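Here are the chains, one letter per residue:
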Amino acid sequence: MTSLQNASLDDFSAELVARALARGASAAQARASDDRYFEMQFDNRGYDLVRSVQNAAASITVFLDGKRGDASLNGRSTEEVAAALDSAFFAAEAGVADEANDVAAAPSLPASRHGLDIADRATMGEGVESLLARLRSEFPLVRIRDSLHSFSDVETAFANSRGVAQKERRARYNFSALFMAREGSRASSVNWAEASSYQPFGNPFHALGLGRLLDEAVRSLDPRPVPCKFEGDVIITPECFAGLAGSIGEALSGASLFAGTTPFVDKKGEMIASPLFSLANRPCDKSAPGGADFDGFGVPTSDLEIVTNGRLNDFLIDYFFSRKLKAPQTAGAWRFTVTSGDASLAAMIAGVKRGILFSRFSGGGPNSNLDFTGVAKNSFYIEDGEIRHALGETMVSGNFQELLKNIYAVSRERVDFGSASYPWLAASGVVISSK
Amino acid sequence: MLERLAPFADRFTSPGELRRHVNSSSRIAMRKGVLLSNGQSRDGGISARVYRNGVYGFAAAPQDDDDAIRAAIAAAEDNADSVGRADAGGAPLAASALGEGVYDYRSARPSTTPAGRVEILRSLDAAIRGKFPHLVNVDITLSSHASEKTLVTSEGARAYSYVPRSVLGVKMAIEANDGLVELYNSLGGFGEIQDQSFEPLSLSAWLDDLYEELRRKAEGGQCEAGLQDVVLDSDLAGILAHEAIGHTCEADYVLAGSVAGDWVGEAVASEKITLVDYAGRGFDDKSSFAIHVDDEGTVCRDVTLIEKGVLRNFLHSKKTAAELGAEPAGNARAFSFSDEPLVRMRNTAIAAGADKLEDMIGAVESGYYLKRATNGQADFTSEFMFGVSCGYEIRKGKLGRAIRDTTISGVAFDMLKTVTHVGDEFRWSGAGGWCGKKQPIAVGMGGPAIKCKITVGGRG
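Going line by line, the protein sequences match chains A and B. When we follow our numbering, the leftmost residue of the first sequence carries the number 1, and every step to the right adds one. When we follow our numbering, the leftmost residue of the second sequence carries the number 436, and every step to the right adds one.
If you are wondering where the hints come from, they were derived from the structure by calculation, not from laboratory data. Note that the coordinates shown come from a computational prediction; the quantities given were computed from them, not determined experimentally. Careful: at least some of the hints might be erroneous.
[Claimed, not checked] Far from chain B, some chain A residues (derived; all Cβ distances over 12 angstroms):
1. Ser3
2. Gly69
3. Gly211
4. Asp215
5. Arg219
6. Pro300
7. Ala327
8. Lys405
[Claimed, not checked] Residues from chain A shown here face chain B by an in silico Cβ test under 7 angstroms; the list is partial:
9. Asn55
10. Arg68
11. Ser185
12. Arg186
13. Lys229
14. Leu276
15. Gly363
16. Asn367
17. Met395
18. Ser428
Each residue gets a CB set at the ideal place from its N, CA and C atoms; glycine is no exception.
Next comes chain A alone, as it looks inside the complex (with noise of 0.2 angstroms):
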């Protein structure tokens, strides 16, 4: 065991699924990884806390006749190891049987390596700098608190007992800001920027579409209630679609398949949205930073138009689903993408007669049947193609089935995540009420 401590990520994973298979396993796989982190935490006056953490974590999933047991520990010392092949193998041999249970047949890709090797501190910092200094001078009444540049390096290993093995380095950096307005007794409500890139963020500012977020926070110090409950339009930010995505992309996967509980069950070849709707799954996108190259079983992952101009293509199948379903797999690991269209975010907001530019849902999970209600944060009442004040006390509620097919408009401008890139989009048929 002592030279498990200091075996490479790759002979440590094969390592696991040699000793799972000594032990009896029928089939095994484990995935490595080692971790380096490094934050600066900051609000207006300056730096609150700087952390790194480094890390050493594995799983291993073993396989007994159909049976499934799974163990993840962090650390390479020999009693870690072996309670968790322990723990592995008990669960296995307590597990019911699947047939669906099972390794992966696939190909091992040559290791990869995405981003820097070292975190560059000078410019994390230099953005820190360049984003308190902009506060400072163009947004005297913005508050901002916990916010974050971070720079993590994670190398990961797999290997499964079908000869399987993959390697790959991803470092990326990470900026987050959390900000309000705040002047006297007047305040906004608290929002948020986030996104992540291979490079440091030395103008977080651009970066994030900083400047519209903040000049919103601003312009949201006197909220209001729209005037009464209307059936209208919401132009859905790409902020907003960020935190909405998830909840489509689970309607659309496998394990909803399984269950029987998504909407979408029968809907393959059919429209499920408007025309000016397409969605894909890019995470092989190599100039993005929230892709992966193998997926939880080491499958090398694959891009995916999952609704093209409105139709459904396929659904999110992943390699276990893939098997439970007799489907092909379609989908181990999700960065999900809106096309642009090309429409202008001025003339989307122009064509509004009665409606909200919505910026963030804060409401309770949608269901299966993808009804939604809740509040909307951080958004602007629109009349007549203009916008006419900030938001407060509002709720929209609604289902997004009905909400993609009457999307009528997608704009040219995108906010590009990192993990996700989306563009405006423009959709009637919301209720919008408020106390």
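For this one, chain A is given, so just place chain B on it according to the hints.
Quick look at chain B alone, frame taken from chain A:
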């Protein structure tokens, strides 16, 4: 471990903490009788945090040998020294009562074996699907989490804790005439799996109630949007205490601009409302979560946030307490070895009143009785929201048809002034909750039923 860590506390050249922290968890998930996850995890290591020149330096690593401890302290100091903060200039942290002691809530019973855990799910699944064959889907999850911490500080705090929690969750789905309807409920809470009663026989009535509420929900309708008279059951009072008030009163958020900062000493609620963030396991020692010493080494004591409607206090770390001239009461908490302590709630609850639930419902001409919450969020403005998965219309003082999923919202410091009744029956939310604020953290929450006015979302 306390003995091994203690000598290293003298190595800090400025205020510092050294924490060995291990989270152990298990999760088994079954969908339609198929095990989708079946495993355990362990995540632990050592962390050091120092405070100098107004900045915290923090470092963590998975090893906990002497070399790793020395390296963590050195890295934390390097991190603190790597940046400056001109305005703070080494402002001292607030002093606090030093925590000491061993708080070990490990079960005395033999652990439930992996086979025993799977059998709980398998037998429950068989019971549910046998009894209610028309269900479209059944999800059952059994999860446990235990946080084991050893903490020493340069000031002299010495504490060890082991705090477990385990939860059984069941979600059923049924077809309604307009689509699928689902309902989830959970039970369990403080303690390990072997401390709970998760056998199907003992849960028969609980499962029957869940199915009956699901059936009624499938026959129910959408809420009427707008400001409504509502009776919030105790499950919602707990999340109300947490989301609507608790977050607003976290001192780091107050410093960030939370409107609560303007209201200390002012009436922010009906005088029937008293709201406390409890140390330990709460006033009755029955909450789902326990804490006696926080991760800065401060002895935990109760903090009354609202006393008979008047805002009294905030929740503090040593740093926020210094900035706002308060005394820390043990609210600095970290989720994992790799996390720094943040200002967090512990067991947050509205105190019981004197009203009967039936009288509250009887006092509503037209409104809703809301029984169970899902997720929630808060804002620095004190505007809050939380999802509601189970509830009923009230018409002329009587319960009517069930409602579908909705979200309720309000501005806490307005809404709490509309409270006219506070129930006489206090309940902690059984399975407890998890709060997200940079890190997840286990929290307890509770309260009685209350009657108030609140904004309800819906398409009706």
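Going through the hints against the structure:
Separation of Ser3 of chain A from chain B is adequate, the least Cβ-Cβ distance of about 17 angstroms exceeding the 12 angstroms criterion. For Gly69 of chain A, the shortest C-beta to C-beta distance to chain B comes to about 6 angstroms, within the 12 angstroms cut-off, and the non-interface label is violated. No beta-carbon of chain B comes within 12 angstroms of the beta-carbon of Gly211 of chain A; the shortest separation is about 20 angstroms. With a cut of 12 angstroms on Cβ distances, Asp215 of chain A stays outside the contact zone with chain B, its closest approach being about 17 angstroms.
Once the 12 angstroms rule is applied to beta carbons, Arg219 of chain A is consistent with being away from chain B; the minimum gap is 15 angstroms. Taking the minimum C-beta to C-beta distance to chain B, about 23 angstroms, the non-interface status of Pro300 of chain A holds against the 12 angstroms cut. At the 12 angstroms boundary, the C-beta of Ala327 of chain A stays outside the reach of chain B, the nearest C-beta of that chain being 16 angstroms off. At the 12 angstroms boundary, the C-beta of Lys405 of chain A stays outside the reach of chain B, the nearest C-beta of that chain being 15 angstroms off.
Annotation: interface hint on Asn55 of chain A holds; nearest CB of chain B at approximately 6 angstroms, less than 7 angstroms. Checking Arg68 of chain A against chain B by beta carbon gives a least distance of about 6 angstroms; that is within 7 angstroms, so the hint holds. For Ser185 of chain A, the shortest C-beta to C-beta distance to chain B is roughly 6 angstroms, which falls under 7 angstroms, so the interface hint holds. Interface restraint check: Arg186 of chain A against chain B, minimum CB-CB distance 9 angstroms, threshold 7 angstroms, status violated.
Because the closest C-beta pair between Lys229 of chain A and chain B is about 6 angstroms apart, less than 7 angstroms, the hint holds. Because the smallest distance between the Cβ of Leu276 of chain A and any Cβ of chain B comes to about 24 angstroms, over 7 angstroms, the interface hint for this residue is violated. Here the hint on Gly363 of chain A is kept, as its CB sits about 4 angstroms from the closest CB of chain B, short of 7 angstroms. Given hint, Asn367 of chain A at the interface with chain B, holds; its Cβ is 5 angstroms from that chain's nearest Cβ, closer than 7 angstroms.
A distance limit of 7 angstroms between C-beta atoms decides the matter here; for Met395 of chain A the minimum to chain B is near 4 angstroms, and the interface restraint holds. Proximity of Ser428 of chain A to chain B is violated relative to the hint, the smallest CB-CB distance being about 14 angstroms (cut-off 7 angstroms).
In this structure, the earlier hints numbered 2, 12, 14, 18 are contradicted, and the remaining ones agree with it.
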